[in-house]
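Enquirer: We have chain G; now place chains H, Z and R onto it with these hints.
Here is how the chains run, residue by residue.
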Amino acid sequence: MPNLVPHLLNGLSLGLLFALIALGFMLIVGVMELINLAHGSLFALGAYFAMVIIAPELSWLGSVGEGYQALPLAMRYGLAILLAPVLVAVVGMGLELCMRRTYGKKAEYGLLLTFGAALVIEEIIRLVWGPSEQYLQVPQAVSGAFLFAGLIYSKYKLFAALFAVFAILLVWLFLERTPYGAIIKAGAHDSEMVRALGINLTRLRLLVFGLGAGLAGLAGIVLTPIWGLRPHVGIDAVIPAFLIIVLGGIGSFWGAVLGGILVGLAVGITGAYASEWSLLSMYLLLIAVVTVRARGLLGRKSVLEA
Amino acid sequence: MGARPSAASAWISGEMVCLFAVMATLPLWIEAAGLYQYLGIEIAIWMIYGLGFNLLLGYSGLPSFGHGAFFGIGAYVFGLFQAWAFESLLLGIALATVAAFAAGAVVACFLSHRRGIYFALMTIAFGQVFWFIAIKWHTVTGGEDGLLNIPRPALELGVASLPLGSNVALFYFVLLVFAVVVVALWRLVHSPFGKVLQAVRQNEERARFVGYNVWRFKWAVFSLSAAVAGLAGSLFSMAQQSAYPDVMSLHASGVIVMMTLIGGGFVSFWGPVVGVAVYFLARDVLGAVTETWLLWFGLVFVVSVLFKPEGIAGVWQERVSGVLRLRFADAPLRSGRTGDVSIVGPEHGETKDAIGQSPSGR
Amino acid sequence: MALFEARGIHKRFGHQVVLENIDLSFEAGRLSGIMGPNGAGKTTCFNVLTGAFKPDRGRVIFDGEDITGRSPDAIARKGISRSFQTMSLFDEYTALENVLIALPEVRGRGFNMIEPLAMDGEAADRAAAVLSRVGLSGREHRRAGDLAYGERRALEIAVALAAGPRLLFLDEPTSGLGAEATARLADLVLDLKRDYSIVVIEHDMRFLFGLADTISVIHWGQVIAGGTPDELRGNKWVQRSMLADLGGSP
Amino acid sequence: MSRRNLTRRSLLKKAGLLTAGVAATPFMGPWRYNRVYAAASDKPIVIGLTSDASGQYANSGASDRRGMQLAVSEFNKKGGVLGRKVETIHIDTETTPATGSRVAERLITRHECAFLIGAVSSGVANAISQVAQKYGTVYLNTNSSSPTESGKNCHRVKFVWDGNGTNFAQAAVKNAISAYGKKWLLMTNDYVWGHNTSKATRKLVDQFGGEIIDEILVPQGTRDFSAMLLKVQQAAPQVVAAAVGGDDQKAMRQQVSQLGLGQKMAWINNQQDWPDVYGLPIKNLFGVFGTTWYWKLDLPGVAEFVKRYQAAYPDTKIRVPGNVFYNGYMATRELLSAVERAGSTNNRKVIQQLEGLKVSARDRMQHHDAFMNPGTHQMQQTIYLATANAGTKDRDDMFKVLSQSSPAEVRDKGADAACKMESLDATPTYET
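Protein chains in written order, with this note's numbering: chain G, 1 to 306; chain H, 1 to 362; chain Z, 1 to 250; chain R, 1 to 432.
Extracted from the complex, chain G is given alone in its bound form (with noise of 0.2 Å):
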């Protein structure tokens, strides 16, 4: 019998990274009732602009260059977590404008752009950078391990994981204490009302897609370090974040959160005890969740049902 406390305390970090990988897309689906294919993709995308950020090929800047390789990488962590996750916002604003010949139509047409923006993404990351694995660099302060209670644990997991609470909380204030948010939040339930409110769904959809965007780029950078980077690492997180919805329910931030916790815990805790059954775990549970309760955990009735 393992001692199950640093399980669950793993688990729960594990569960809040998904949360975060998650956050983007609850959004996008929420308000705009499509389900972002491509999530992954710009969760990959996110993690290649930071490392071009940190490390950036600057030969040819000549001394410009080469100052800004000197600043501490700290600081060109810093500065990627905060651009790169635009960076991808803005790829993301892009992909909204080519989705709009698809509103008002089947729901299905958003899934399958966005199931080949998602190929077509790939495809270029594969072009640019290449197939090979990548290494993103992370600041010293928050690399190595740390020992607590007799057991090594990873720094940047740590780190990570407040991050995720950080990035979550963060999202919850937008949402909460600013018009934008109220609008968004309205939005999730009621387009016809959003219109009546005299808001123009056109930006606020633009809007909406940028930040879920930037958010799915920011959870790849911050994943990066962890799972490492490849063209296709995108698939590892977009599963996810699709299970997770739904396990939460659609269109409810907090469903997202207790979602990625309850995915964190169930593979935590399976690879405990028998991790070969680790992945499975989650699937096993959305459909259990499911089964019983039909709109996820915290769910509400959502237009993508009919």
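Hints are computed from structural coordinates only; laboratory data are not their basis.
Being a predicted model, the structure only gives us computed values, none of them experimental.
C-beta: ideal position from N, C-alpha, C; glycine also.
Honestly, I wouldn't trust all of these hints.
[What the hints assert, rightly or not] Just a sample of chain Z residues kept apart from chain H, beta carbon distances all over 10 Å, derived:
#, residue
1, 110
2, 115
3, 211
4, 234
[What the hints assert, rightly or not] In silico DSS-like links for lysine-lysine, alpha-carbon gap of 25 Å or less:
#, chain 1, residue 1, chain 2, residue 2
5, H, 308, G, 105
6, R, 85, R, 183
7, R, 283, G, 155
8, R, 358, R, 400
9, R, 264, R, 400
10, R, 152, R, 283
11, R, 420, R, 400
12, R, 420, G, 155
13, R, 349, R, 400
Expert: Below, chains H, Z and R without anything else, positioned relative to chain G:
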């Protein structure tokens, strides 16, 4: 998706005859066209798979993203039957079909009261579970290495026994199955059952209120579609002489959706047939030219979803109906007889419905 | 005994009580009306009666049988058929196909996967007859989605009629129609009244007063009045509403 | 470079010619065995390259392919093989067995390839070899190291050039027990290769007096190893023997190195493919691992070989050749030499040549002579153990070779019994 009544009620339509004729001559010219015999087998098999899949996607509006599971089940069951019991072509195929049907029926019990995205997600989850089992249960499935050395049993016809070892022989056998499937599905989509499926897709609520138990129809069509996938899977395991878990992966399940859509499964019975042909040809022709063929294919796919979501069949129908419209442009539209009690008045102006009664006012 | 009875129906959504202790009864061979202002709970009431929602409390009895909480399709198969205020058609199907699908004999063969529906001339004739009855002859092969608004309203009724119902519920059939079309609709409903037991929800009072044998008035989720049109003319609320609605000329 | 790959233009031209009917198709209808063409001396020998260009092993596939192409171009520079030019056609096998089958069918029946070369994933290798056996086409499995390849799934037409899991385990276990300790823990990728490799390790650990305290199964597709690594810590073994491959292994490396667990206990990774680690920080490269070759082996010819690589591929990101490239190169070179010795492209003759193949240590650029085991069709070669070359300044010099074992020491003893090969007579014969 409506067809002319005459075509709808026939066993064989003109399109079928053309298609079968073209496909029957395939072995004669496929090599001259720069391709190879084996490709024909795969194309015919995936057409069967696509047609069965479109029963769900196009006709019933149920997007399954885990259909590869049933294709895989068919492949494994066929292979295992040959390995554990005895070599038999038809029995193996029948068993594979039944097994896929049964698996589909079980899954459908969980799915049939789900709609839209929840339906799609549950299919993904189940697809992943089956895929996982195929990879993990190596004592039975051979795990990642797959189930190898699956024979191509001869077709026993009582008096004669036709070996299917060569690709051409197998192609003709698959073509035969394909023809049977085409005819059967053509009948099915025009039967009351098929019509109800389409009605459910268009308006599930109304279908329910005119007295259809929608759950049973969804269950039945999902299981049937799984059975067709299993049938195709059993043929695929013969073509490859092995069964691999990859065909059950999410990626492979996504590909069949893509093919069906590119071809125009939403608007035409023949959509998946067109889509499969296009996909395979693109893969083989582009794939030989560039390693990044998937990028180009993905771009084409995105553009087609954006500008022609009805797919290739949609473009075709538009052109044909465009021609028809031109031809009949002068003919006056028949006007409806306005009976004594008709409420069909001259006004066409859409008046805004009074909404917002209670939460129930949809 | 009444053909259809609702006893003590309660329905709430979350904290909002939408229906409270509703008692209704509809007699065979009659045309019964339900009226009330927008938001009064009429449509919710309809939805509970036809199985879309399960009531929190109360009973729904059809022809002596308790059908409370049955699914809509089970209720439909018992012989209760309804139309929708927000038109609910099979838009990609032709008008004829819309009606065909709703015919009981087609429904009975719902799992027939072999014989093409189009070959069934008898069913097609019956469907055409239904279309003709609502004035849609000549529109048989038009897609429902391509029909004009008024035609769609007619088709909405035709689909409900096709089932050959023992009780026909019509949900705001005049919604969105102009005066002339409303008048024609009234003629149609009068015509149908000869053959069917009908329940109509309306907020167009004149329409209802001209047609109904009995009327129940629903307001704030409760039945506040009921009786024949003549009896109701004396009702204060009705009078006030009618004055507002009809400019004082009942 | 003189290597003639099938470029876009030549394919289009070919297709155009064929459809125009100028080049009459040699035959129609069913594939016929025993096709014998007039071996016109100007008709090139076509080799189908079946390495992956996309999917998990895309990167290794590219390395593999570069190895084959270098060998081919060297032969062409010498005037070809049997006076005929050697051409290659590559089609992506997508790291997917089903695609491997189809590609093999296409290369054999459509492009009439005399030989097929290339595989990294054992699933793909299986799929290809099954088709190849059907047509009798000689197939070289260059880089797939599942023991089943030369065991249960061996074929008369298939030759395996990489060391397999058992070989590497043989090389590592005995030394590691004496060097690090007897308490072992296995981390096993939960699929065939992982299971077979761990089985081999387990047997050897038992044999040399060690003890397996636990085995942790790692599902394919695992990205988060923290639960398993916690379990490893709780079990506190002296040696962790990992048979974890592909992307799973890359993710595991990241996480083990973050924890510093790589230094806490001895790690033995069965085999480390060069393209999987090239360019990663050296600290990610913990533990001891096996390889068949390293570019800094102190042997004659190695330095010159590296130069040839750099001259042929000046633009590639991997600036020095690794084991995957080496295997691809060696396999192709030996095949073409075998064809020359056989004096014919007849498959049976080539198979017989390869079955009797012996390569001197000098030609192999390894420490021991190598030979083909005729019973399993696996190349018996030197196996090296290496570890991270900490403290080096040269970014390319990542490995420190610890030891080498002769083919006899690392022999996969179970393979001969497990391999039941088709007879040569049952293999269709052909010649192009």
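Enquirer: Please verify whether residue 420/R and residue 400/R have alpha carbons no more than 25 Å apart.
Expert: 38 Å, violated
Enquirer: Closest CB-CB distance from residue 115/Z to chain H, is it above 10 Å?
Expert: 6 Å, violated
Enquirer: Against chain H, does residue 211/Z keep a CB gap of more than 10 Å to every residue?
Expert: 13 Å, holds
Enquirer: For residue 110/Z, which was marked as not at the interface, is the minimum beta-carbon distance to chain H over 10 Å?
Expert: 5 Å, violated
Enquirer: Residue 358/R and residue 400/R: Cα distance at most 25 Å?
Expert: 28 Å, violated
Enquirer: Could you grab the alpha-carbon distance between residue 264/R and residue 400/R and see if it respects the 25 Å cut-off?
Expert: Holds, at roughly 19 Å.
Enquirer: Are all C-beta atoms of chain H more than 10 Å from that of residue 234/Z?
Expert: 27 Å, holds
Enquirer: Does the structure keep residue 283/R and residue 155/G at a Cα separation of 25 Å or less?
Expert: 16 Å, holds
Enquirer: For the pair we were handed, residue 349/R and residue 400/R, check the Cα-Cα distance against 25 Å.
Expert: 41 Å, violated
Enquirer: When you check the alpha-carbon spacing of residue 308/H and residue 105/G, does it fall within 25 Å?
Expert: Since the Cα atoms of residue 308/H and residue 105/G sit roughly 12 Å apart, the hinted pair holds (cutoff 25 Å).
Enquirer: Would the hint linking residue 152/R and residue 283/R be met if the CA-CA limit is 25 Å?
Expert: 37 Å, violated
Enquirer: For the pair we were handed, residue 85/R and residue 183/R, check the Cα-Cα distance against 25 Å.
Expert: 56 Å, violated
The structure fails hints 1, 2, 6, 8, 10, 11, 12 and 13 (numbered hints given earlier, in ascending order).
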